[in-house]
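Here's the letter readout for the chains.
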Amino acid sequence: MNLLELQGISFTYPDEEEPVFTGLSLEVPVGQSLILRGDNGSGKTTLFRILNGLSFPTAGKYIFQGTEITEKYLRDNGQAKKFHQRIGYLFQNPDIMLFNGKVYDEIAFGPRQMGLSEEEVAKRVEDCMELFHITHLADKAPYHLSGGQKKRVALASVIALNPQLLILDEPFAGLDGKSKEDLMTFLQQWKAAGKTQIIATHDEELTKRLGDAVYTM
Amino acid sequence: MLPNWLTTTEAYEPPKGGGTFAIKTMRSFGHMMGRLQFQQGHEKRHALPALVKFFLLVLAIVFLSWTHQLVALLAYAAVLLLYLSTWPPQDIWKVLRGALIAVVFSGILLAPAMMLRPEGIPNNLQLVCKVFLTVMMVSIFNHTTQWNHITGALRKLHVPGVVIFTLDLTLKYIVILGRFIYDVLTSYSLRAVGNHRKKYKSVGGVMGITFIRGANMSQEMYEAMRCRGFTDDYRGL
Numbered sequence: 001m002n003l004l005e006l007q008g009i010s011f012t013y014p015d016e017e018e019p020v021f022t023g024l025s026l027e028v029p030v031g032q033s034l035i036l037r038g039d040n041g042s043g044k045t046t047l048f049r050i051l052n053g054l055s056f057p058t059a060g061k062y063i064f065q066g067t068e069i070t071e072k073y074l075r076d077n078g079q080a081k082k083f084h085q086r087i088g089y090l091f092q093n094p095d096i097m098l099f100n101g102k103v104y105d106e107i108a109f110g111p112r113q114m115g116l117s118e119e120e121v122a123k124r125v126e127d128c129m130e131l132f133h134i135t136h137l138a139d140k141a142p143y144h145l146s147g148g149q150k151k152r153v154a155l156a157s158v159i160a161l162n163p164q165l166l167i168l169d170e171p172f173a174g175l176d177g178k179s180k181e182d183l184m185t186f187l188q189q190w191k192a193a194g195k196t197q198i199i200a201t202h203d204e205e206l207t208k209r210l211g212d213a214v215y216t217m
Numbered sequence: 218m219l220p221n222w223l224t225t226t227e228a229y230e231p232p233k234g235g236g237t238f239a240i241k242t243m244r245s246f247g248h249m250m251g252r253l254q255f256q257q258g259h260e261k262r263h264a265l266p267a268l269v270k271f272f273l274l275v276l277a278i279v280f281l282s283w284t285h286q287l288v289a290l291l292a293y294a295a296v297l298l299l300y301l302s303t304w305p306p307q308d309i310w311k312v313l314r315g316a317l318i319a320v321v322f323s324g325i326l327l328a329p330a331m332m333l334r335p336e337g338i339p340n341n342l343q344l345v346c347k348v349f350l351t352v353m354m355v356s357i358f359n360h361t362t363q364w365n366h367i368t369g370a371l372r373k374l375h376v377p378g379v380v381i382f383t384l385d386l387t388l389k390y391i392v393i394l395g396r397f398i399y400d401v402l403t404s405y406s407l408r409a410v411g412n413h414r415k416k417y418k419s420v421g422g423v424m425g426i427t428f429i430r431g432a433n434m435s436q437e438m439y440e441a442m443r444c445r446g447f448t449d450d451y452r453g454l
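Quick mapping for you: the protein sequence lines, in order, are chains A and B. If you're matching positions, the first sequence starts at 1 in the numbering used here and goes up one per residue. If you're matching positions, the second sequence starts at 218 in the numbering used here and goes up one per residue.
No wet-lab data here; the hints were simulated from the structure. Watch out, some of these pointers could steer you wrong.
[Said to hold, decoys possible] Straight-line Cα separation of at most 27 Å, BS3-like style, residue types lysine-lysine; simulated pairs:
| # | chain 1 | residue 1 | chain 2 | residue 2 |
| --- | --- | --- | --- | --- |
| 1 | B | Lys-418 | A | Lys-123 |
| 2 | A | Lys-61 | A | Lys-82 |
| 3 | B | Lys-418 | A | Lys-140 |
| 4 | B | Lys-311 | B | Lys-347 |
| 5 | A | Lys-82 | B | Lys-311 |
| 6 | A | Lys-72 | B | Lys-241 |
| 7 | B | Lys-233 | A | Lys-82 |
| 8 | A | Lys-72 | B | Lys-233 |
| 9 | A | Lys-102 | A | Lys-140 |
| 10 | A | Lys-61 | B | Lys-241 |
| 11 | B | Lys-347 | A | Lys-82 |
| 12 | B | Lys-233 | A | Lys-123 |
| 13 | B | Lys-241 | A | Lys-102 |
| 14 | A | Lys-191 | A | Lys-82 |
Bear in mind that the values here come from a model prediction, so they are computed numbers and not experimental data.
Chain A on its own, in the form it takes in the complex (with noise of 0.2 Å):
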């Protein structure tokens, strides 16, 4: 069963002429671990656009779990934060993602969002923070933390929200070796749970040990 499906999209930016791509196919089925490559300006970050609903293809479908994702779909408020819960979308810059003093409300802001009582979401946000190895920093502010430690605190308030797909651009830039290790493992129990993930990266190890499919662009 496909999670989500590609057909033949086309995107070109208004006031462009050149597409960014043209007649992309793509089949997406839950469980699976979609490793994307291909050079800078490929497109990589405006299909991760298209599959968050942040832009629209110019043509062809974008199907997520049967409905087909259109600009008239997400203008329903509802449909469009159903949708949003449901793919989380780790930037490559962390910087963006961090817009809270604490760390701490960093991850709690999802669960929050949501509507949990505070008991659940002090339960998500420590377990996020353990996952992550980052429970020494719940009281510090993200905007003092490294380029390592932003990356794992954006990841974890992007799972706090138990997406069913995990999107990811380039992960693994800027981190180092036991960094790359902890992300590592925590995208193999990913995998291993049965969700589903689409990472972008020019990361040999990574296309090795968690790729079931390659997709170049």
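Mind docking chain B on chain A? Use the hints.
Quick look at chain B alone, frame taken from chain A:
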């Protein structure tokens, strides 16, 4: 090991209504960024030098403020509109929109005076017309001249380097920080999957990190410039 809640599928139903703050803010910010990018200037290869255009603009504005002849104002408007008509429609609209907003604003400001002294209406309408033409000329100048050429022209006019430096950096960083805020709001909207109970706290957070980001960037850029021999004497490109 993943915690139990993370291995199950979340049966989440978002609450009805509300929570559109981030999306609305993001959309309006996106439009604003589009306008800022438009103001980068699309200079033609054989266009007049920025200094000449700048002089002409100042002269035109001075002449416009002196003239009391309706015919002269209409001639001005005719020439400008004729020139604008050679532009692409979307650019014409962008220039006219700014000028029309200025007209509406000045019209509202002058409305009480026009109501209290009806005999002064022709003069007030002339003033509104002058506002329209001035804003349109500045907008055309802005659109047809690259910013670095404007700063170059200011330098030739012996405007102090520190003023040009401040203007230059302000414009560049408005765009960069604007993009940063847009990205932050995008990531915010992706995680704002319910009703936000404390949205103003998050607005404060977005403003706070933008301020910190701005301060860090300016410090880093100043240090990078010092490393490349910058001695506080700024020369625009």
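Starting from Lys-241(B), check that the Cα of Lys-102(A) is at most 27 Å away, please. Holds, because 25 Å separates the two Cα atoms, which is no more than 27 Å.
Lys-61(A) and Lys-82(A): Cα distance at most 27 Å? holds, 19 Å
Is Lys-61(A) within 27 Å of Lys-241(B), Cα to Cα? holds, 25 Å
Does Lys-82(A) sit within 27 Å of Lys-233(B), going by the straight-line distance between their CA atoms? holds, 11 Å
Does Lys-311(B) lie within 27 Å of Lys-82(A) when you go C-alpha to C-alpha? The hint is violated at about 37 Å.
Tell me if the straight-line CA distance from Lys-311(B) to Lys-347(B) falls inside 27 Å. With a Cα-Cα distance of about 19 Å, the restraint between Lys-311(B) and Lys-347(B) holds, given a limit of 27 Å.
Mind checking the alpha carbons of Lys-102(A) and Lys-140(A) for me, to see if they're no more than 27 Å apart? holds, 5 Å
Would the hint linking Lys-418(B) and Lys-140(A) be met if the CA-CA limit is 27 Å? Holds, because 17 Å separates the two Cα atoms, which is no more than 27 Å.
CA of Lys-72(A) to CA of Lys-233(B), is that 27 Å or under? Holds. Lys-72(A) to Lys-233(B) sits at ~18 Å (cutoff 27 Å).
Assess, step by step, whether the Cα of Lys-233(B) is no farther than 27 Å from the Cα of Lys-123(A), and give holds or violated. With a Cα-Cα distance of about 26 Å, the restraint between Lys-233(B) and Lys-123(A) holds, given a limit of 27 Å.
Under the criterion that the straight-line Cα-Cα distance not exceed 27 Å, is the pair Lys-347(B), Lys-82(A) satisfied? Given pair Lys-347(B), Lys-82(A) is violated - Cα atoms ~52 Å apart, limit 27 Å.
Within 27 Å, alpha carbon to alpha carbon, are Lys-191(A) and Lys-82(A)? Within the cut-off at roughly 22 Å; holds.
Of the numbered hints stated above, those contradicted by the structure are hints 5, 11, listed in ascending order.
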